[in-house]
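In order, the protein sequence lines correspond to chains A and B. All letters in the first sequence, in the order written, are residues 1 to 446 by my numbering. All letters in the second sequence, in the order written, are residues 1 to 576 by my numbering.
No wet-lab data here; the hints were simulated from the structure. Each hint should be verified, as a subset may be incorrect.
What the hints assert, rightly or not - One side only, chain B facing chain A, incomplete, derived with CB under 7 Å:
| no. | residue |
| --- | --- |
| 1 | D56 |
| 2 | N244 |
| 3 | G414 |
| 4 | T424 |
| 5 | L428 |
| 6 | I515 |
As the list claims (entries may be wrong) - Think about it this way: if two alpha-carbon atoms lie no more than 25 Å apart in a straight line, the pair counts; the simulated DSS-like pairs of lysine-lysine are:
| no. | chain 1 | residue 1 | chain 2 | residue 2 |
| --- | --- | --- | --- | --- |
| 7 | A | K55 | B | K520 |
| 8 | B | K307 | A | K271 |
| 9 | B | K307 | A | K265 |
| 10 | A | K144 | A | K237 |
| 11 | B | K307 | A | K44 |
| 12 | B | K287 | A | K272 |
| 13 | A | K159 | A | K378 |
| 14 | A | K44 | A | K55 |
Glycine included, each C-beta is placed from N, C-alpha and C at the ideal position.
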Amino acid sequence: MLRRGFPMHRLALAAALAFASTAAVAGTVTVITSFPKELTATYKAAFERANPDIKVEILNKNTVAGIAFVRETAAGQRPDVFWASAPDAFEVLKRDNLLQPAPDVDNKAIPAKIGNYPINDPKGFYKGQALAGYGIMYNTRYLKANKLVAPKEWDDLLKREWYGHVAMTSPSRSGTMHLTVETILQGEGWDAGWSKILQMAGNSAQVTERSFGVPDGINNGQFGAGPVIDFFGLAGKYSGFPVDFVYPAMTSIVPANIALIAGGKNTPEAKKFVQFTLSQQGQELLLDPKISRLPVLAYASFGNKIPAGYPDPQTIVKRAKVNFNADLSEDRYALVHSLFDQTITFRLKELQAATRAIHEAEAKLAGRPNPQAAELLKQARSAAFTPIVSSSLAGQAEFLKLFASNKKEVAVSKQITGLEESWNRKARENYAKAVELAQQAAALAK
Amino acid sequence: MILDADAAPRLGARERLRRHLGASWRSFLVLGAISAFLLALLLIPVGTVFVTAFRDGDGSFTLGHFGTFFSTGLMRESFGNSLYVATASVFFASLIAVPLAYITVRFQFRGALLIQTLGILPLIMPPFVGAVAMQLIFGRSGAVNLLLDEHLGWSLPIMQGLTGVIFVQTLHYFPFILMNLIVALRAIDGAMEEAALNLGARGWRLFARVVFPLAMPGYLAGAALVFVKVFDDLGTPLVLGQTNMLAPQAYLRITQVGLEDPLGYVISVIMIAFSILALWLSVRVMKGKDYSTLQKGGAGIAKRRLKPWESALAYGVILLVLLVVLSPHLGLLLLSFARMWSFSVLPEAWTLANYATVFQDSSGMIRNTLLYCGLAALIDVVIGTTIAYLILRTRIPGRQWLDFVASAAIAVPGIVLAIGYLRTFQTLELWGVPVTQTWILIMLAYSVRRLPYALRSCMAALQQINVSLEEAAEMLGASKWRSVRRIVIPLMAGGILAGFVSSFITAAVELSATILLVVKESQAPMSYGIYLYMQSVSGRGPGAALGVLLVLTVAVGTYLSHLLVERANKTLEHAR
Chain A
1 MLRRGFPMHR LALAAALAFA STAAVAGTVT VITSFPKELT ATYKAAFERA
51 NPDIKVEILN KNTVAGIAFV RETAAGQRPD VFWASAPDAF EVLKRDNLLQ
101 PAPDVDNKAI PAKIGNYPIN DPKGFYKGQA LAGYGIMYNT RYLKANKLVA
151 PKEWDDLLKR EWYGHVAMTS PSRSGTMHLT VETILQGEGW DAGWSKILQM
201 AGNSAQVTER SFGVPDGINN GQFGAGPVID FFGLAGKYSG FPVDFVYPAM
251 TSIVPANIAL IAGGKNTPEA KKFVQFTLSQ QGQELLLDPK ISRLPVLAYA
301 SFGNKIPAGY PDPQTIVKRA KVNFNADLSE DRYALVHSLF DQTITFRLKE
351 LQAATRAIHE AEAKLAGRPN PQAAELLKQA RSAAFTPIVS SSLAGQAEFL
401 KLFASNKKEV AVSKQITGLE ESWNRKAREN YAKAVELAQQ AAALAK
Chain B
1 MILDADAAPR LGARERLRRH LGASWRSFLV LGAISAFLLA LLLIPVGTVF
51 VTAFRDGDGS FTLGHFGTFF STGLMRESFG NSLYVATASV FFASLIAVPL
101 AYITVRFQFR GALLIQTLGI LPLIMPPFVG AVAMQLIFGR SGAVNLLLDE
151 HLGWSLPIMQ GLTGVIFVQT LHYFPFILMN LIVALRAIDG AMEEAALNLG
201 ARGWRLFARV VFPLAMPGYL AGAALVFVKV FDDLGTPLVL GQTNMLAPQA
251 YLRITQVGLE DPLGYVISVI MIAFSILALW LSVRVMKGKD YSTLQKGGAG
301 IAKRRLKPWE SALAYGVILL VLLVVLSPHL GLLLLSFARM WSFSVLPEAW
351 TLANYATVFQ DSSGMIRNTL LYCGLAALID VVIGTTIAYL ILRTRIPGRQ
401 WLDFVASAAI AVPGIVLAIG YLRTFQTLEL WGVPVTQTWI LIMLAYSVRR
451 LPYALRSCMA ALQQINVSLE EAAEMLGASK WRSVRRIVIP LMAGGILAGF
501 VSSFITAAVE LSATILLVVK ESQAPMSYGI YLYMQSVSGR GPGAALGVLL
551 VLTVAVGTYL SHLLVERANK TLEHAR
């Protein structure tokens, strides 16, 4: 604040400083991450204490900006380490040859798999550094004010009384939401799974653009509950917000990753940093209540350092009903995103209207059986909550291949956009039809 | 006294031509310099990214992606929504800004300057925390709705749907109209009004037929800015969950991890084309009309004294308006002192800890914000004034395009510009340091992204100055440069300041390009600091505290620049 002077002056100074620093400190590890400050600051401090001659520079960027930054920087100038939650980000970097494997960096005590999911990239390009599970976060004060019972399972969020109180994000915006959606689809099967997701979305007040938008909105009481990654829920609770978090039976546990960037400035020192995050000491840092993440290292090696009541990933995985299939998820990645956005994100208003009409009809019919009305209601539910793409079509390799192909080709882009267009229109029609059917059913109840 | 261009002493056609040619080599030089700036910092970097929109899979040229755009129903729907929101926002922003400007300029009014300054504050809506504060006040479980629900049993869904977008955009951007209109109203020749009064025009008729039309360049500059900015704005629709508008559709496609969708760039190109069209239309409206007056600075329009009940009414209206438009900032202030605020009308536990946290690591950030935004705004007004001069005072071919190209920057998503910079300047070095490792790119990105704001204000200011004044100076022997320096710039000062302030303020809250271009935490400005805090649950308090500091810093910066211009004006008057 005290420094004065003209920009040119400062520029020369900055240049001189930068010059000096490239010469003197060969040991600066630059880490690109989307993780919160509490986590990165803790790791930076602990690592620099253990390695006084190496400095850590944290560059916080959201996942998209992080990838773009690495891609657009010349080799030799690039940052050294990429550290983030979304597994798809690492796949993209790997595909573009921006990662380098580090077979010599490892902690042998880390198990190979969590449930069915490999902790490290099978080709060795990136490593699991912490575990994350998915579940429901809710605001206790909001629930009390709206007379809602705390949810335990996904099904609780589909109930009539939850209309307008849920929030979720889109799988195309959040790698973690993608895994939640896949977990439900794999656990329930394609049709039943989509039906659940559509009902939950119909009860939602908003599909947020950022994945952090859901926990943020629940923290300030804007939403009642929603699917989030565990540490968001736990950290909110720790910070004193009236929120809580629960793992439903249908959950999966997957790793958050760390990787060496190809063409980084200081690869040898960077390896030391990655090694540190995987070491016993580095893993213990995750248990800090401000961080609240699950270590990849098995709990046996921690002795009595695990706080009481801390979730154990191995137990959660054991009681979880889903055996997560990463290949299946990969194969239909683009299809799931596109289907979600076209029929949910971009048609939320219409889906909400359909869900509301169905809830209202159900409320009216409750307690007075009317076979004709029940049949109409069934049709309404089927119109609103059946996926536009059938399970048989979603299983066809050729169909999936179209979605994975290069959209830069006009012909491909036209074909995909044409399909999306028809889904979007169909969804709109279905939701309108559902409203009509539900209203007919409600009219019969009089 | 009432002279327009027709009655002004006219130079013969031949004389004009001679002068024009005589000055032209210099004009061409200036034109070249500005074109080079726009080419290097806007057209080329953005072109390297947007080229995807025109490329087929094998790299050959195609317009096929545009065909896809026009045949998609969702795109047509989005276009309609964006158009509707932008038009409605201009309407409501005018409803707020026009009375506020008129009352404070036209009547003797205590605290007019304070009100005008407070009226600019809504532009400083720090990223993320601004939205959170809005939600805590007006949202579904915000203070207003909790109170309504408790006492009346109903709530106001004002933050939902397209209505919510219009509401927030109106509150956020009406200062563009306010600022430009105030400058324009002040610049009106009092004699015009006297003449109208002598001829019997009073009250509404006087306002609608004489005063407002004379301020038209300022109003249009502001309204065009609001329209284009809202049409191209991304943040508000996304925060409110409205995806079916053009800017969010482009953004969602451009930033999808792993899938490159040319349609995203196609939408951006179409948005740019439409924004230019809108600006062109606003220029058309002004074409063939001359709103310049000869006498400036001396006798402005008369300040009327208000009767007590009128005065009470005016204060009441103004206070109500200010209360609504400043409530997000009030929310921000409360949030910064809150230990925890969730589902309640007010926070229930207070603390100073947030400020303690922020003061520890933000002094560097404050300095960076002032440095980058100050430099960027300075570049903007220099270029803005120059372009305005080239367009309105010379006949160089292609001068109109400078305006359109510079204004196109408003529709370029920040992330696209930033990617373009990294790509274009990857290998450029300054004093042995790669330019991508310095803060220069951040500053330049600010200046390019905010240039349209300064440009509109400068154009409006120059439109109100009659060319005869310069011609008179030149006939008395002043050189071109001297007449610009001694006549044009001093008379434009108000408009230039408005331009500087809007560039400076909006640059201070820029985030999308900043995130990508920051390479060291020591180079980070405050907007990035807020982003950093808002990434974590426990960072909301410190984020809000930093947001308050940002608002204060920018407000003080704005006030200081006001003082500076005033002092310069005074010195000038002495010199006269």
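So, going through the hints one by one against the coordinates:
1. D56: The hint holds - B:D56 has a Cβ within 7 Å of chain A, the shortest such distance being about 5 Å.
2. N244: This hint holds: B:N244 lies near chain A, its Cβ roughly 6 Å from the closest one there, short of 7 Å.
3. G414: Where the cut-off is 7 Å and the nearest Cβ of chain A is about 10 Å from B:G414, the hint is violated.
4. T424: violated, 9 Å
5. L428: Hint on B:L428: violated, closest Cβ of chain A at ~11 Å, above 7 Å.
6. I515: holds, 5 Å
7. A:K55 <-> B:K520: holds, 13 Å
8. B:K307 <-> A:K271: violated, 77 Å
9. B:K307 <-> A:K265: Violated, at roughly 72 Å.
10. A:K144 <-> A:K237: holds, 17 Å
11. B:K307 <-> A:K44: violated, 66 Å
12. B:K287 <-> A:K272: violated, 67 Å
13. A:K159 <-> A:K378: holds, 16 Å
14. A:K44 <-> A:K55: holds, 8 Å
This entry does not satisfy hints 3, 4, 5, 8, 9, 11 and 12, going by the numbered hints stated previously.
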